[in-house]
Amino acid sequence: EEIIISGTRLTYFTPNNIAILLSISNKSLAKAKNIFNEKLDPQKVNLALQSANINKVDFLNKKSGEVCDYIESIQTSITFAYTALETFANLSIPKDYIYEVKVKTKGTKELYDKEAIERWITLRDKLLYVLPDVYGCKKPDKEKSWSYFIKLEKYRHDIIHQKSINSTEFYKTYFRRDIFDVCNSAEKIICFFYKQDAEKNRTNPLWPWMIN
Numbered sequence: 443e444e445i446i447i448s449g450t451r452l453t454y455f456t457p458n459n460i461a462i463l464l465s466i467s468n469k470s471l472a473k474a475k476n477i478f479n480e481k482l483d484p485q486k487v488n489l490a491l492q493s494a495n496i497n498k499v500d501f502l503n504k505k506s507g508e509v510c511d512y513i514e515s516i517q518t519s520i521t522f523a524y525t526a527l528e529t530f531a532n533l534s535i536p537k538d539y540i541y542e543v544k545v546k547t548k549g550t551k552e553l554y555d556k557e558a559i560e561r562w563i564t565l566r567d568k569l570l571y572v573l574p575d576v577y578g579c580k581k582p583d584k585e586k587s588w589s590y591f592i593k594l595e596k597y598r599h600d601i602i603h604q605k606s607i608n609s610t611e612f613y614k615t616y617f618r619r620d621i622f623d624v625c626n627s628a629e630k631i632i633c634f635f636y637k638q639d640a641e642k643n644r645t646n647p648l649w650p651w652m653i654n
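With our numbering applied, the sequence shown closes on residue 654, and no number is skipped along the way.
It is worth saying that the hints were derived from the structure and are not from the lab.
In this text the structure is predicted, and so the values were computed from the model without any measurement.
Even for Gly, the Cβ is constructed at its ideal location relative to N, Cα and C.
Heads up, a few of these hints could be off.
Here are the in silico distance ranges between beta carbons for each label pair [said to hold, decoys possible]:
{"hint": "1", "residue 1": "570", "residue 2": "496", "range": "50 to 58 Å"}
{"hint": "2", "residue 1": "589", "residue 2": "488", "range": "29 to 37 Å"}
{"hint": "3", "residue 1": "496", "residue 2": "623", "range": "29 to 37 Å"}
Let the sequences and hints guide you as you build the complete structure.
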């Protein structure tokens, strides 16, 4: 690709948007890990206000800033990880693909083309039903990363669809032991489909720029 910037021609390899989204998520995750390890890990630093060896107001302000930086990095990682996975799912669907859903209560079938799938089918259902059919592989729900994806989905929705300005309880989930695995689940699931596709010796324009 080429672009003209202030009269100068810049030539570059076209980036894969999924890879960019994952890169943003991974960089934010690395930043969050660094903040936690250096400033918020109770095994390494004092977190108790009562035990502070400096002015308590200064200590509270300092720790509050570190917590905000950590939350910002975690939320960025969560949001971009989920977006990367959704982008991957949508780009994986062939233009002529039709997804069939049986409506038991009506005894009918609903047919979704690519555009309808992207708009109306949840990411969870795309990963469980659409992509396994597209790639001719098993479902990812038996993988360890699947349980982390379920949390990633919930945490992302908590961020995007926050119900109340005073409802910030979900911040506390960012300090659970598995939060880093949650943030990393999107890449794990993408790799799950990659590995199964690679076993069939197939080529896919999505893979070269995304793996490693």
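Structure versus earlier hints, numbers of those that do not hold, lowest first: Hints that this structure does not satisfy do not exist here, as all of them hold.
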